[in-house]
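J.: Chains A and B are the protein sequences, given in the same order. Position 296 of the first sequence, counting from 1, maps to 296 under the numbering used here, and the rest follow consecutively. Position 325 of the second sequence, counting from 1, maps to 325 under the numbering used here, and the rest follow consecutively.
One or more of the hints may lead you astray.
Here are the simulated DSS-like cross-link-like pairs (lysine-lysine), alpha carbons at most 30 Å apart as the crow flies [unchecked claim]:
1) B:Lys143 with B:Lys64
2) A:Lys90 with B:Lys64
3) A:Lys90 with B:Lys139
4) A:Lys90 with B:Lys228
Some residues of chain A that are not near chain B, with every Cβ distance over 12 Å (derived) [stated by the list, open to error]:
5) Lys119
6) Val151
7) Ile252
No lab work stands behind these hints, which were simulated from the structure alone. We put the beta carbon where it would ideally sit given N, CA and C, even for glycine.
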Amino acid sequence: MRKATGALLAAYIFAGTPGGSAAARMIHVGPGDNAQERLQTALIEAAPGDIIHIAAGRYALADGLSLDVDGVTIRGDGPERTILDFTAQKGEGEGLLITSDNVVVRDLGVENPAGNGIKSKGSDGIALVNIRVEWTGGPKSTNGAYGLYPVSSKNVLIDRSFVRGASDAGIYVGQSQNIIVRRSRAEMNVAGIEIENSHDAAVVGNIATNNAGGILVFDLPDLPQQGGRNVKVSGNQVVGNNHVNFAAPGNIVAGVPSGTGIMVMANRNVSVWGNQVIGNNGNAVMVVAYTQAFTDKAYNPLPQAVDVWGNDFRGNGSAPAFPGGKQIAAAVGGTLPPVMWDGITRYTVPGTAEARMASGGVRSDVPGITLNLGTHGTPATAARPSPLPVTDFGKLVPGADIGVTLPAELEARSR
Amino acid sequence: MRRALLALLLLGAAPQPAVRGDLLLASDAPRLADYGLFDASGNPAPGVAPYTLGTPLFSDHAEKFRYVWLPPGTRASYRASGALAFPVGTVLIKRFAFPADLRQPARDLRPVETRLLIHRATGWVALSYVEEGGEAVLKRAGKRVPVNVIGQDGQPLAIDYAVPNQNQCKQCHQAGEAITPIGPTAGNLNHGLNGAGQSQMVQWQATGRLDGLPATGVPQLARWDDPKQPLAARARAYLAVNCGHCHDRAGFASNSGLYLGPEEATPAHLGILKRPVAAGRGSGGREFSIQPGNPDASILVHRMESSEPGIMMPQFGRSMPHREGVALIRAWISAMDPAAPAG
Numbered sequence: 001m002r003k004a005t006g007a008l009l010a011a012y013i014f015a016g017t018p019g020g021s022a023a024a025r026m027i028h029v030g031p032g033d034n035a036q037e038r039l040q041t042a043l044i045e046a047a048p049g050d051i052i053h054i055a056a057g058r059y060a061l062a063d064g065l066s067l068d069v070d071g072v073t074i075r076g077d078g079p080e081r082t083i084l085d086f087t088a089q090k091g092e093g094e095g096l097l098i099t100s101d102n103v104v105v106r107d108l109g110v111e112n113p114a115g116n117g118i119k120s121k122g123s124d125g126i127a128l129v130n131i132r133v134e135w136t137g138g139p140k141s142t143n144g145a146y147g148l149y150p151v152s153s154k155n156v157l158i159d160r161s162f163v164r165g166a167s168d169a170g171i172y173v174g175q176s177q178n179i180i181v182r183r184s185r186a187e188m189n190v191a192g193i194e195i196e197n198s199h200d201a202a203v204v205g206n207i208a209t210n211n212a213g214g215i216l217v218f219d220l221p222d223l224p225q226q227g228g229r230n231v232k233v234s235g236n237q238v239v240g241n242n243h244v245n246f247a248a249p250g251n252i253v254a255g256v257p258s259g260t261g262i263m264v265m266a267n268r269n270v271s272v273w274g275n276q277v278i279g280n281n282g283n284a285v286m287v288v289a290y291t292q293a294f295t296d297k298a299y300n301p302l303p304q305a306v307d308v309w310g311n312d313f314r315g316n317g318s319a320p321a322f323p324g325g326k327q328i329a330a331a332v333g334g335t336l337p338p339v340m341w342d343g344i345t346r347y348t349v350p351g352t353a354e355a356r357m358a359s360g361g362v363r364s365d366v367p368g369i370t371l372n373l374g375t376h377g378t379p380a381t382a383a384r385p386s387p388l389p390v391t392d393f394g395k396l397v398p399g400a401d402i403g404v405t406l407p408a409e410l411e412a413r414s415r
Numbered sequence: 001m002r003r004a005l006l007a008l009l010l011l012g013a014a015p016q017p018a019v020r021g022d023l024l025l026a027s028d029a030p031r032l033a034d035y036g037l038f039d040a041s042g043n044p045a046p047g048v049a050p051y052t053l054g055t056p057l058f059s060d061h062a063e064k065f066r067y068v069w070l071p072p073g074t075r076a077s078y079r080a081s082g083a084l085a086f087p088v089g090t091v092l093i094k095r096f097a098f099p100a101d102l103r104q105p106a107r108d109l110r111p112v113e114t115r116l117l118i119h120r121a122t123g124w125v126a127l128s129y130v131e132e133g134g135e136a137v138l139k140r141a142g143k144r145v146p147v148n149v150i151g152q153d154g155q156p157l158a159i160d161y162a163v164p165n166q167n168q169c170k171q172c173h174q175a176g177e178a179i180t181p182i183g184p185t186a187g188n189l190n191h192g193l194n195g196a197g198q199s200q201m202v203q204w205q206a207t208g209r210l211d212g213l214p215a216t217g218v219p220q221l222a223r224w225d226d227p228k229q230p231l232a233a234r235a236r237a238y239l240a241v242n243c244g245h246c247h248d249r250a251g252f253a254s255n256s257g258l259y260l261g262p263e264e265a266t267p268a269h270l271g272i273l274k275r276p277v278a279a280g281r282g283s284g285g286r287e288f289s290i291q292p293g294n295p296d297a298s299i300l301v302h303r304m305e306s307s308e309p310g311i312m313m314p315q316f317g318r319s320m321p322h323r324e325g326v327a328l329i330r331a332w333i334s335a336m337d338p339a340a341p342a343g
């Protein structure tokens with residue numbers, strides 16, 4: 001990616017100031033004939049600092065669009081007014097692909113992309129703001145995987161967006177760092193919001209409802225970036241995530257039990273604080289080791305230092321869908337307590353000695369259970385459930401700091 | 001350039017085209033003809049030399065004609081892996097054409113587009129010139145071109161041919177954040193021109209177009225369609241050329257953890273018992289990229305057999321499955337030992 005210079009950064013700021021520099025151009029594209037070529041040409045010919053304005057209307061697109069110019073803002077007239085319609089898409093894996101830095105995409109809708117909705121790959125500075133991605137035929141396994149999909153990116157903002165119907169995760173941030181997902185809504189996806197193989201992420205003030213799983217924080221082996229850590233899940237409404245899991249088998253989310261509120265897998269230093277977690281029939285909060293066999297010697301499958309505190313848990317845990325869940329619920333009085341940890345503390349990678357958990361697994365200020373599975377690979381049906389000790393977090397009252405700060409210029413263009 | 005023109009004048013100004021090396025370096029010409037790489041009937045200008053690859057990328061059965069032009073007095077430098085190091089000023093040319101009948105690939109060819117990779121001082125630039133109204137014009141935003149041929153089964157076949165846009169050129173030709181050639185590697189050029197005669201590497205060295213060719217140890221990428229070559233070598237060559245440019249640690253699909261370059265040695269990164277990461281419905285309900293011994297349970301095969309966006313691989317560059325390529329990969333996976341340990 002071409003790096004934006006300091007001068008260009010200054011130009012962005014002037015562009016937003018009345019009477020400021022005219023360096024940044026506004027390029028208008030409207031609906032009508034040949035929209036594919038006109039849009040793609042605008043995206044190719046844009047210069048850093050430009051704003052591409054996509055006027056209200058429906059744009060029927062047969063191929064994916066892509067942007068590879070730094071510092072561009074793509075702006076519609078609103079998520080219900082400017083609609084990029086990929087119902088007849090014939091090529092490409094995304095509706096819109098961003099491969100450049102300091103890009104803001106905002107105020108538009110994306111319908112029925114064949115693969116993912118909007119993807120960024122390798123972007124430093126990507127903001128997706130007031131976007132709607134929707135598969136209008138409802139949740140189906142033939143829908144695309146991800147609605148909003150920044151991957152291998154840095155300084156990521158997803159704000160005030162909406163995703164419905166994704167056959168994997170509605171909002172998915174993978175192998176990235178310095179991430180805020182806020183004030184967004186994910187419904188009727190397999191996973192609502194997923195942070196995977198990423199570090200320094202804040203998922204705050206979102207609504208995840210009627211997905212199979214509400215909010216997932218995962219780490220997987222055999223990938224260029226792993227070691228997911230430093231994730232804050234705060235102030236979200238995680239409500240009624242009881243949708244049937246309609247993911248294609250084989251994908252990791254296909255194993256997320258319907259009814260899961262928040263699920264943490266193989267991450268360390270995760271804080272789940274101040275959320276409303278209501279009416280999820282399975283686990284309100286599930287904390288587990290990576291669920292599959294693996295051979296990656298650099299990978300740690302265990303969750304570590306996961307703190308669950310100050311949440312409002314109501315009406316969860318009545319019908320856990322994971323194998324052995326009903327029996328475990330029955331053994332603890334019919335309803336699972338808000339927090340469940342698989343209790344896996346040891347693992348062995350083929351060809352190496354057994355490794356053990358270096359620090360604690362889960363701390364919770366509400367009742368929880370551990371399944372005491374012990375060794376990685378032990379199935380949940382072999383659970384020997386026992387209560388987790390309740391932790392008093394005492395004076396650890398969090399402030400407004402969510403632990404992640406994004407570049408001011410990116411935030412300014414996203415307001 | 002001026003010297004070349006002068007030479008032409010002294011020779012009596014033959015009607016041959018002369019390559020505009022200055023223009024290639026300076027600007028994106030609106031018409032292919034502006035660069036003087038070919039004459040009006042499509043014959044290459046002096047110095048525009050054809051080359052062929054042992055294993056090419058599948059492009060919907062398009063016939064592809066490759067040429068290289070090096071600025072006078074310059075030569076490429078040998079590299080054992082990756083593309084050769086071409087000097088600034090080089091242009092790599094690929095012309096796409098469809099025969100009227102796929103069973104007679106050399107006859108009645110209809111040209112569709114010409115792609116250029118130009119090595120400028122600031123890096124490589126990818127341009128595509130599409131045949132429109134009798135001339136090849138620059139198209140940055142891509143184009144769908146309907147192509148009607150007789151297929152290999154003798155039946156009419158409608159091909160929804162897609163000229164890539166400039167960003168798609170880069171998606172494949174990506175090395176980190178820069179654009180790079182893919183095809184002309186030492187291994188893939190280490191075959192005779194059109195599969196016959198002396199290795200092109202040796203020919204290039206002998207004609208002053210290549211420096212540094214070692215006397216021994218030059219790698220050779222197998223010809224994917226040569227039944228005399230070992231099955232695994234053919235399959236790996238096919239995957240390297242058709243998938244390995246994206247599925248590379250510095251490529252567009254780096255985040256997948258699936259790496260199909262010719263030198264990849266880790267079974268899990270080659271897809272053996274590797275679970276999908278972000279495949280979504282592309283997994284086809286299968287658990288592993290490659291399930292040894294079982295192509296029908298391998299995601300790789302599912303995605304090669306599909307022509308649906310969101311599932312098909314490569315994501316663009318073809319609109320139909322490559323039957324012979326799929327058969328090769330199926331045979332390779334079938335021959336794998338199902339009991340081999342994952343790695």
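J.: Taking the hints in turn, state whether each one holds.
T.: Against the structure, the hints come out as follows:
no.	hint	result
1	B:Lys143 with B:Lys64	18 Å, holds
2	A:Lys90 with B:Lys64	23 Å, holds
3	A:Lys90 with B:Lys139	19 Å, holds
4	A:Lys90 with B:Lys228	38 Å, violated
5	Lys119	9 Å, violated
6	Val151	5 Å, violated
7	Ile252	7 Å, violated
Checked against the numbered hints above, the structure breaks hints 4, 5, 6, 7 and satisfies the rest.
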